[in-house]
Amino acid sequence: MRLEIRENTSIVRLVAALFIAVGFAMAVCSVLIIWGGASPVDGWILMIKGALGSKFAVSETLARATPLIFTGLAAAVAFRAKLWNIGGEGQFYIGACMAILLGTRGEMLPSFVMIPYLFTAGAIAGGLFLLVPTFLKTHLNVDEVVTTLLLNFVVLLFVNWLVFGPWKDPMSMGWPQSEPVLDSAILPILMAKTRFHLGFVIAVLSAVFVWWFMAYTTWGFEIRAVGSSIKASTFAGMPVNRTIIRTALISGGLAAMAGVSELCGMKGYLTTDLSPGFGYTGIVVAMLAALNPLGVVASALFVAIIYIGADSMSRAINISNYIADVTTAVSLLSVLVAVLLTKYRIKRG
Amino acid sequence: MDILGLFIETGFWMACIRMATPLIFGTLGELVCERAGVLNLGIEGIMASGCMGGWMWVYMGGSLWGGIVFAAFIGALFGLLHSVFTVYLGLSQHVTGLGITMLGSSLSAYVFRMMLPKATTPPKIIPFQTLDIPFFKDIPFFGEVFFSQTALTFLALAAVIVVAFILFKTPLGLALRMVGENPLAVEAQGLSVFFLRTLAVCAGSALMAVGGAFLTMSAFDAYYIGMVNGRGWICIALVVFSSWKPYKALAGCLLFAAFDALQMRVQQQAGIAIPYQFYLMMPYIFSIIALIIMSRKAAYPKALLIPFRKGER
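Quick mapping for you: the protein sequence lines, in order, are chains A and B.
The first sequence begins at 1 in this note's numbering and counts up one residue at a time.
The second sequence begins at 1 in this note's numbering and counts up one residue at a time.
Next comes chain A alone, as it looks inside the complex (with noise of 0.2 Å):
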């Protein structure tokens, strides 16, 4: 047995794999459901029910797409220039963090300058941050997988310290949470009752641009170059480590914005439980999408679905809501097989 390269692959091909691969994922699930001694039928009528079924379900889901939307961009960006940040997370509190630091103080500025100061200084934070791992590879040869990931769990610990300690919110009945950011922070709502905000049209927006800077720009040009073949783009002249560092701003300050939107938009405070691991599952996304901007809003909103709907799932028919981490983790090994049978075909001998 042996793959062989196809010659062309086409958009066409691509799509059904992936629809064939999260189907796989779909059915494989269905067997844990069955053995959970649940109908995997009903269980997945609940699931679409649960995340699309009413008003309030659709602004769940969108509201749940929003963070993903950010960390998935950010894994899709890294990934082409082959840097591995696996550090969403961390990068995700940095942008929390920053919110809070400076969303809770200057009563005077209104709305529509300190949304967007927010974001900014959230994503230079989170772009910084992830400098850090990428100076370390560029110039010290530290595998940055390692790096990242660790520092996942010192961020974690640092925004326990901060929750538990100096920013503590007296006010909050001993609960561990920061102090809520000022009403002008607070991201408006879209849709009446419901907490499904500005964020998602600011997650959109950047799909878009990261989209239009990957495809038409030089500095685009530049990071899928340098995820393809580091020699060949040396050879060429590219600046190799400029453009992974370059890499490494927009891609931290993509996972920070995810951050910034989740904090202002939903709940207006600092926890350690605001991410149920959005900066990990960004990475499904991104290979969901197989790496395309405007693809990781389409699995992101299905990531979402499954994890909307999932919640829902589980109440009604007792199956363990970990039925979506599950599913999530099967989708996306099913779709590297998948999108690998689009580029290459097997064949015996």
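Keep in mind that the hints were calculated from the coordinates and are not lab data.
Any given hint could turn out to be false.
[What the hints assert, rightly or not] Some but not every residue of chain A turned toward chain B, in silico, with C-beta under 7 Å:
#, residue
1, 2
2, 147
3, 153
4, 332
5, 336
[Stated by the list, open to error] In the DSS-like style, the derived pairs of lysine-lysine whose C-alpha atoms are separated by at most 25 Å in a straight line are:
#, chain 1, residue 1, chain 2, residue 2
6, B, 297, B, 248
7, B, 297, A, 82
8, A, 347, B, 310
Think of the CB as a built atom: it goes at the ideal place given N, C-alpha and C, for glycine as much as any other residue.
Given the coordinates of chain A, assemble chain B onto it according to the supplied hints.
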């Protein structure tokens, strides 16, 4: 009490060896995979699956050693999955590994919740007991430190010796190391690159899972979700630190555990002068520092991360 006093305290060294044990299994497992040219980022999830699987086996009435074998079996299965993806299909080892980690962690949590839906307080098992070998355990200091450990610690030490022997003293070991350096040369010898890499990844993953099982079956007696808590990633850093050598890996794990045990003691004595979160950060920061020190001259296996495809070079 001063810090120097700790080093003559048996309790400190006992804790140190106990804390090193899961890291020894994990680091050895990752080392075997990487020596064969496959980065296994599935380690965190594989440890979680061993952690849950071994514990569940015992909780369901199986024997302790049966639990270890079961954990190793689950680990090897995940290893097989990883090798199908990265060795046969040549997919990105980074992304596949992360996928395996997500799958291993979430599946463990799901199975645990589904099998014990009503468990509010974590249910317990009777874990491995300390060996307490008569006479030996009374040897001052060394006897007290070493013979008050559980059998799994000795298994870990034995694994170091066995892995070192196989890798450096047997033809199989030579082939495994060669497949991580120059797979074309292995192919030219008429050996199967695919088979050798699969073998290494499965064996390595089995070791990782046993490391995870140590957490629930020896260090502690219950399972809770998220228990591995980054130990797998620390093992990956320790492999680089050890320059892919088993005995150095053992030394690295012991050194790391010593630092970890030290920060715990300092934390207890210093009290609230420094917030406890900063002590908890230490293991992760130590790992990063260890990586920085060793990475400059790190001699990665040459074919690490490079998929092998027949007829392509």
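Outcome of the hint check:
Nearest Cβ of chain B to the Cβ of residue 2 of chain A: about 5 Å, under the 7 Å cut. The hint holds. Satisfaction of the interface hint for residue 147 of chain A is found here, the shortest Cβ-Cβ separation to chain B being roughly 5 Å, below the 7 Å cut-off. Interface hint status for residue 153 of chain A: upheld, as the beta-carbon distance to the closest one in chain B is roughly 5 Å, under 7 Å. A cut of 7 Å between beta carbons decides the hint on residue 332 of chain A: the least distance to chain B is about 4 Å, and the hint holds.
At a threshold of 7 Å, the smallest CB-CB gap from residue 336 of chain A to chain B is about 5 Å, leaving the interface hint in force. Between residue 297 of chain B and residue 248 of chain B, the direct Cα distance comes to roughly 15 Å. Compliance with the 25 Å bound is thereby established for this hinted pair. With a C-alpha separation of about 22 Å, the suggested pair residue 297 of chain B and residue 82 of chain A falls inside the 25 Å cut-off, and the hint holds. A threshold of 25 Å between alpha carbons decides the hint, and for residue 347 of chain A with residue 310 of chain B the separation of about 12 Å falls inside it, so the pair holds.
Hint compliance for this structure: no hint is broken.
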